[in-house]
Every structure is written in structure tokens, then in C-alpha cells.
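Visitor: Spelled out, the chains give:
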Amino acid sequence: MPFIPHSEHDISKMLSTIGVDSIDDLFDEIPDNLRCGELEKIPSGMNEMEVSRLLRDKAAQDGLPLCFLGAGAYEHHIPAAVWEITTRGEFYSAYTPYQAEASQGTLQLLYEFQSMMASLMAMDVSNASLYDGASALAEAVLMAVRANRKSKSRKILMPQTINPVYRSVTEAIVKNQAIELIDVPYDAETGKTDLNALQQYMGVDIAALVIPQPNFFGVIDDVDALTQWAAENGALSIAVVNPMAMALLKPPGEWAGAGVDIVCGEGQPLGVPLASGGPYFGFMCCKQQHVRQMPGRIIGRTTDLDGKEGFTLTLQAREQHIRRSKATSNICTNQGLLVTAATIYMSLLGPEGLKKVGVNSHKNTQALIKRLTAIKGVNAQFTGQTFHECVLTVDADAEQLINQLAKEHHILGGFNVAKDYPTLKNTLLVCATETRTENDIERFANTLDQLINS
Amino acid sequence: MSNIPDDRKYADSHEWALLEADGIVRVGITDHAQELLGDLVFVELPEVGQQVAKGDECSVVESVKAASDIYSPVTGEIIAVNTDLEDGPEAINDSAYEDGWIFTIRPSDVTELDDMLDADGYQNLTEDE
Chain B
1 MPFIPHSEHD ISKMLSTIGV DSIDDLFDEI PDNLRCGELE KIPSGMNEME VSRLLRDKAA
61 QDGLPLCFLG AGAYEHHIPA AVWEITTRGE FYSAYTPYQA EASQGTLQLL YEFQSMMASL
121 MAMDVSNASL YDGASALAEA VLMAVRANRK SKSRKILMPQ TINPVYRSVT EAIVKNQAIE
181 LIDVPYDAET GKTDLNALQQ YMGVDIAALV IPQPNFFGVI DDVDALTQWA AENGALSIAV
241 VNPMAMALLK PPGEWAGAGV DIVCGEGQPL GVPLASGGPY FGFMCCKQQH VRQMPGRIIG
301 RTTDLDGKEG FTLTLQAREQ HIRRSKATSN ICTNQGLLVT AATIYMSLLG PEGLKKVGVN
361 SHKNTQALIK RLTAIKGVNA QFTGQTFHEC VLTVDADAEQ LINQLAKEHH ILGGFNVAKD
421 YPTLKNTLLV CATETRTEND IERFANTLDQ LINS
Chain Z
455 MSNIPDDRKY ADSHEWALLE ADGIVRVGIT DHAQELLGDL VFVELPEVGQ QVAKGDECSV
515 VESVKAASDI YSPVTGEIIA VNTDLEDGPE AINDSAYEDG WIFTIRPSDV TELDDMLDAD
575 GYQNLTEDE
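Going down the list, the sequences are from chains B and Z. The numbering used here numbers the first residue of the first sequence as 1 and each following residue consecutively. The numbering used here numbers the first residue of the second sequence as 455 and each following residue consecutively.
Just so you know, the hints here were simulated from the structure itself, not pulled from any lab data. Please note that the accuracy of each hint is not assured.
Straight line, CA to CA, 20 Å or less: simulated SDA-like cross-link-like pairs of lysine to any residue [to be verified]: (1) Lys-370(B) to Gln-450(B); (2) Lys-326(B) to Asn-176(B); (3) Lys-152(B) to Val-502(Z); (4) Lys-326(B) to Asp-523(Z); (5) Lys-519(Z) to Thr-302(B); (6) Lys-519(Z) to Arg-292(B); (7) Lys-152(B) to Gln-505(Z); (8) Lys-287(B) to Glu-498(Z); (9) Lys-425(B) to Thr-383(B); (10) Lys-519(Z) to Gly-310(B); (11) Lys-150(B) to Gly-503(Z); (12) Lys-519(Z) to Ala-100(B); (13) Lys-326(B) to Tyr-525(Z); (14) Lys-287(B) to Val-125(B); (15) Lys-287(B) to Ala-118(B); (16) Lys-152(B) to Gln-200(B); (17) Lys-326(B) to Val-518(Z); (18) Lys-287(B) to Val-495(Z); (19) Lys-519(Z) to Gln-320(B); (20) Lys-326(B) to Gly-509(Z); (21) Lys-150(B) to Ile-533(Z); (22) Lys-519(Z) to Val-291(B); (23) Lys-519(Z) to Ala-327(B); (24) Lys-152(B) to Gln-504(Z); (25) Lys-519(Z) to Leu-305(B); (26) Lys-326(B) to Phe-496(Z); (27) Lys-425(B) to Pro-185(B); (28) Lys-152(B) to Glu-531(Z); (29) Lys-356(B) to Leu-249(B); (30) Lys-287(B) to Asp-541(Z); (31) Lys-150(B) to Val-535(Z); (32) Lys-150(B) to Glu-498(Z); (33) Lys-363(B) to Leu-249(B); (34) Lys-326(B) to Ala-520(Z); (35) Lys-58(B) to Leu-412(B); (36) Lys-419(B) to Val-165(B); (37) Lys-150(B) to Val-502(Z).
As the structure is a computational prediction, the values presented were derived from the model and not from experiment.
This is chain Z alone, in the form it adopts within the complex:
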């Protein structure tokens, strides 16, 4: 059974979004997603300062068997990217919810997070797959 923390929100496309104290949203992919992808070998990070809309493809994670787009869960500006992933993409396999974060974003409308799944909803989604 995959690990699904209940402190954050989830997208159908398997991203997680964590609203932090300073109003910034941290984004990564779920433990379930990294299990499906297998060993990650490369992460194409977005550019700091890039403006993205909710649902935009803004990053790519590549494993030995597939490459998947990462969609921004909210609209806003990319504030930081996890450059540790450039040389150590396996951080996503080892720690999908902590060390394996991909980027942070300053949301222009934080209520967009309300449309996302909570931990139970995401749990149901993965069980239906």
C-alpha cells in the first residue's frame, strides 16, 4: 500500500501539492506515481520565474521505461526548483513527499487547491486503477 500523507492535496495526474506557511505551494509526484514509473533517471525542471497556469505541463520526469509530464496543480509563478534532482533524480524514488519535491510555486489563487483530491480521495483513485 502506498504512503499518502494527509497534510496535502492530490491531482488525478498523481502530483501532490502542499500549501506551506508562507503561502507557497510545494509540488512533487506521489509515492504511487514513482512506484509505477520505476527507477527515475532524469528530471527536467521548470525555469524559476516561469509563469504557469493550472494544468500546464511544466516539468518532465523520466524513468528507464517512460517519460511523464508533470502538470502544475495551480496557476502562479515558479519560485524555486529542486536542483538536487539534476544529479540525484532517485530522491523521488526514495522520498517522494520530502526530499523528492520538484518545484515551488506562488499561487495567484490559492482556492484552486480546493478542487484537488484529499488523501482519502486519492487513496480511492489509486485503488480504482
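With the rest of the complex left out, here is chain B:
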């Protein structure tokens, strides 16, 4: 039964009321070439039992590969309690509640999320999340152009070391708003964003500089110097960070002393499982002075007329249901369920637990680099220090190597960097989080050695 509420009788009644003979006549003014016609390639329907079987079979094709792949999404251990609690009926919603007064528990959870993120990033304010890391960066760019009132330009300096997916999503979202994204190259030796390349923009009106930490190559960037450069040149600074790394490295609120203006990133490492690219969630924090330009929902703590504590949706006047086309963003919703998981994950681990995950991910990756670069034909591409990812050159066709590792050995052996950086031929971006053991690393190394050297 199709879930269409109108019966044939309803439809003919409506058509005759407005004086049209048929549905086709109703849509007559739409030119033929813009109409989709019949969807011939859609197979016929299946029942629930058949669909379950089909999806089970497809899922089984993935197997249980050993994962050394990161490039933006990371396999971390998620305590069983996280999703057990997250999927309780009281929490099981994708949205910030519209009837705030009646949803105090959900609002409190979001408020705790904001407090945790602001603390982790050492920033004044956090919102209740955005869709994902890539669109969060696009929103941060739009926000910076609005917030930097001293700048008349719509130029953004965007390092090539930013995740290429984030760069293309950001470009797609901002290009029709006459915002120009200017590439900043990386240092070919260290893999860091090239500070010298910024010198040509001294004195040029730039709205914002984007600063990754760690960058896409896993390299720890000179964030203090980059933040300082932005501050001295009248540009706002936008940090794009891995939240797990911030448990270990200096948080963006302290870069160059005064901190950055805006922080954004992908929240997936905080309790969200790898799931074919999503759903994940984006986060965003900023300095107090920019809060009215921040997109997304913000939960506030307040007191009611009787002096009792309560939680509320605050600063709604900048959102689209009130400000309409002049809203700070056309995204004023968030990823409520994934943020619920992240909040529970962070509260179960605590600051010390998060730090341990970061430390162990770093240690395992350093062990992985040491072991793999001991193989003949495998070398580190860059000299810069790394957090939990590294670019390695291999004496083999990287794409073929990755496919062989996956198909024949059930190992996800990294990301083929040349796909997005054609000059970095035959390089793998590899990662070992806290979930990888010595045995795992040994298995990967032995397999790789065999494939390259025999």
C-alpha cells in the first residue's frame, strides 16, 4: 500500500475544484526536458524479510577488516554503555527539541555537550553541533566573513593541508556567495602548512585564515605562528581540529596566547562508530565576541520566575525560523543523537580517559611508522611530527597495494593520497588508534613487506 493519503476521489475533487482536468495538465507549464518521467531503473519493491536478507548479505561482504585507515574518520573503542544509554527512548531523537520547556533532559545533555567542547577547545562558547566536519568548516568560513567587520574582502586563506573533502564541500557551499578560497601550499619537506607562503599576503585584506591541527597528512602544524599571523594581518583565525588530538595538544583557545576566533571539526572520534561515511557530527566553538554570528543552536542555562534552574534555547533571534532569509545560517539544526553519544562517551572517559586514548593512538602510530619504515621500499614522506596519522611512500602502485591488502588480506592499509594530491605519487596515509595492538601492526607490516618485496 503506498503511503499517499489522497484517494483517487480526493484527487479528482481537488482537480475539479481548481478547474484542471488531470494531474498532467496541472504540471503542464513545466517543460518536458525538466520532467523526470518514469524511473525505469528502480527495481520492484521488496518486503521487510527480503530487504533484511539483502542488506545482511551486503554487510557481510565488508568482513571484519583490520583498519589502518583514517583520513578523517577514526576507529576508536566505544564503551558498550555509550550506545546502550544513547538509544534509550528518552534520548532517541535526531533533533534539538522544538518545545524546549518540555524537553529539559535533552536540553541539559546538549548544555553539558557544549560545556565539554568549550572546555576541550579552551574556547568561550560552543554550539549544539552541526552536520559534519566538512559543512562545519563551510559554516565557519561564512561566519568569519560576517564576523570580520574590519575586512571588506571575502578572501579566505585555505591551506592545501586541510582535508580535501572539507575543501571541496566548503567550496561548493561558499563559491556562489562570492567568497574566494585561496590555496596555501605546504612545505614539501615537513608537510606543514608553509608559513613563508603567507608572506605574499601581508597587507592584503584577508577575511580569515584556516588552520588545521593536525593537518590532513597527520602532521602537527605551527599553529601558534599561523594564529599570530592572522591576528597581525587583521584576519580571523579558523581552527579545524581533531577533538581527540586536543586532549593532548595545546587547545586552539590558547594558540598564540589569545587563541583563535572560531574552532570547528568532525566529532566522529568521540563515540561515533565508522559507518560508511556517516552519520557523523560537526562541532563549532568561538570567542564570546562572535557568538551572535555563530550558526546552529545554542542551549543556555537560566532560572525561571521561581528562581529554579532550567535550560532553554538561547539566541534564537539569529536563527532562520525568526530571522528568515537573514538568519546566520540556513542550518539551525544539529545532530542530536550523535551528540548524545559523544556527550556520554566524553563523560564516561573523562579528561584523563580522553588523554589516554590520544596518547595511545599517538604511541601506536609512532610504533607503526617505525615498523613500516623498516621495510625496504617504505619511507616517511614528511619530516614533520605526527599525531596519529602519517604519509608513507611505497615502492609499489599505491592503489593496487590498497586493493590487494583489502581483498586478499582483509587489511584496510591506508588512504591513497595521490587521489587528492597528484604530486604525492604512491603514498599511503596510515593511522593506528588505541585499538591497534602490536600483533595487528606486525600482521600489517609482514603483509606489506611481502606484497612490496616479493
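Position chain Z against the provided structure of chain B, taking the given hints into account.
Guide: Structure of chain Z alone, referenced to chain B:
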């Protein structure tokens, strides 16, 4: 009944414009407008030195329930902004025509004020709403 002084001009969009002795025009929102908006929580001020055309959005007043654009009543250059509103936007609620002024502007063509409503005209407008 709202208070509508007859020493100044009014826009349909509820701004007032007062031509001062030195030829500068002072701009704010009317008592009627602040009543409609309710408690103001934030004012986004224009930049001093900014060039604006008559009808340009150049400021935003935000209350707990709405955010409204302020349109410049004349063409010219922003000379001063009321920075007291940054920490005390409620001045607009308390004193819409005096302490709650928003910006001053040096008009390039002062006759633009002639197109605006006088106190009686604005009174009629608010009664029709």
C-alpha cells in the same frame, strides 16, 4: 498611546531621524517600535565612516523574540555610533528618543528627510497597524 515627539521625522519602518543644529542627522527607533519588539538584548551597530544609502540596512536590533534591521533614513556617512548600547541595549526600551539613539549620519542630501513622515503622519501609521 506611544510617545511621538514632533521635532523629528519618521520612516514607515519605524526609525526616527532628527536633524541637529550642525547638520548631522541622529537616528533611532520609535517608542512604538521598541514596544513591539519587547526587551532588547543586543544592538549591532554600523561602522563609523561607513557610507550608506537611504534605505540600506545598516544596523540590527535584537530582542528576546525578534531581530529587526534598521534602515538608514538618508544617504551619507556614519559619523558616530552609540557604543553605550553595546552593554546597555535596554536604553532603547527606556529612552527611545534620547539615550537610545543608535547612530548619527552626515547626510549628502538633507532634502531626503522631506520624504519622511511627520509626527502626525507617523501617528496615523501606527493607528492603522
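Visitor: Look at each hint and say if it fits the structure.
Guide: These are the hints, each one checked on the structure:
At roughly 17 Å between alpha-carbon atoms, Lys-370(B) and Gln-450(B) fall within 20 Å of each other, so this suggested pair holds. For the given pair, Lys-326(B) sits about 16 Å from Asn-176(B) by alpha-carbon distance, which is consistent with the 20 Å threshold. For the proposed pair Lys-152(B) and Val-502(Z), the alpha carbon gap of about 14 Å is at most 20 Å, so the pair holds. For the suggested pair Lys-326(B) and Asp-523(Z), the alpha carbons sit about 9 Å apart, so the restraint of at most 20 Å is met.
Between Lys-519(Z) and Thr-302(B) the alpha-carbon distance is near 16 Å, which keeps this suggested pair within the 20 Å criterion. Taken as a hint, the Lys-519(Z) and Arg-292(B) pair is honoured in the structure, with Cα atoms around 14 Å apart against an allowance of 20 Å. With a CA separation close to 13 Å, the supplied pair Lys-152(B) and Gln-505(Z) stays within the 20 Å bound. A distance of roughly 17 Å separates the Cα atoms of Lys-287(B) and Glu-498(Z); the hinted pair therefore holds under the 20 Å criterion.
Among the hinted pairs, Lys-425(B) with Thr-383(B) is consistent with the structure: their alpha-carbon atoms are about 17 Å apart, no more than 20 Å. Taking the CA atoms of Lys-519(Z) and Gly-310(B), the gap is near 19 Å; set against the 20 Å cutoff, the hint holds. Between Lys-150(B) and Gly-503(Z), the direct Cα distance comes to roughly 12 Å. Compliance with the 20 Å bound is thereby established for this hinted pair. Taking the CA atoms of Lys-519(Z) and Ala-100(B), the gap is near 15 Å; set against the 20 Å cutoff, the hint holds.
The straight-line distance between the Cα atoms of Lys-326(B) and Tyr-525(Z) is roughly 14 Å, inside the 20 Å bound, and the hint therefore holds. Between Lys-287(B) and Val-125(B) the alpha-carbon distance is near 6 Å, which keeps this suggested pair within the 20 Å criterion. About 10 Å separates the Cα atoms of Lys-287(B) and Ala-118(B), which keeps this hinted pair within 20 Å; it holds. A threshold of 20 Å between alpha carbons decides the hint, and for Lys-152(B) with Gln-200(B) the separation of about 19 Å falls inside it, so the pair holds.
Annotation: proposed proximity of Lys-326(B) to Val-518(Z) holds, straight-line Cα distance about 17 Å (limit 20 Å). A threshold of 20 Å between alpha carbons decides the hint, and for Lys-287(B) with Val-495(Z) the separation of about 18 Å falls inside it, so the pair holds. Of the pairs offered as hints, the one joining Lys-519(Z) and Gln-320(B) holds, with about 13 Å between alpha carbons and a cut-off of 20 Å not exceeded. At most 20 Å may separate the alpha-carbon atoms for a hinted pair to count; Lys-326(B) and Gly-509(Z) meet this at roughly 16 Å.
With a C-alpha separation of about 16 Å, the suggested pairing of Lys-150(B) with Ile-533(Z) holds against the 20 Å cut-off. This hinted pair checks out: Lys-519(Z) and Val-291(B) have alpha carbons roughly 17 Å apart, not beyond 20 Å. This hinted pair checks out: Lys-519(Z) and Ala-327(B) have alpha carbons roughly 14 Å apart, not beyond 20 Å. The straight-line distance between the Cα atoms of Lys-152(B) and Gln-504(Z) is roughly 11 Å, inside the 20 Å bound, and the hint therefore holds.
As the CA atoms of Lys-519(Z) and Leu-305(B) are separated by approximately 18 Å, the hinted pair is consistent with the 20 Å bound. Among the hinted pairs, Lys-326(B) with Phe-496(Z) is consistent with the structure: their alpha-carbon atoms are about 16 Å apart, no more than 20 Å. Between Lys-425(B) and Pro-185(B), the direct Cα distance comes to roughly 17 Å. Compliance with the 20 Å bound is thereby established for this hinted pair. Between Lys-152(B) and Glu-531(Z) the CA atoms are separated by roughly 17 Å; this keeps the pair inside 20 Å, and the hint holds.
Note on Lys-356(B) and Leu-249(B): the hinted pairing holds, with a Cα-Cα distance of about 12 Å set against a maximum of 20 Å. This hinted pair checks out: Lys-287(B) and Asp-541(Z) have alpha carbons roughly 17 Å apart, not beyond 20 Å. A threshold of 20 Å between alpha carbons decides the hint, and for Lys-150(B) with Val-535(Z) the separation of about 16 Å falls inside it, so the pair holds. Note on Lys-150(B) and Glu-498(Z): the hinted pairing holds, with a Cα-Cα distance of about 14 Å set against a maximum of 20 Å.
Only pairs whose Cα atoms come within 20 Å are accepted, and Lys-363(B) paired with Leu-249(B) is accepted, the gap being roughly 14 Å. Taken as a hint, the Lys-326(B) and Ala-520(Z) pair is honoured in the structure, with Cα atoms around 12 Å apart against an allowance of 20 Å. With a CA separation close to 18 Å, the supplied pair Lys-58(B) and Leu-412(B) stays within the 20 Å bound. About 11 Å separates the Cα atoms of Lys-419(B) and Val-165(B), which keeps this hinted pair within 20 Å; it holds.
Distance restraint check for Lys-150(B) and Val-502(Z): the Cα-Cα separation of roughly 11 Å lies within the 20 Å cut-off, and the hinted pair is therefore satisfied.
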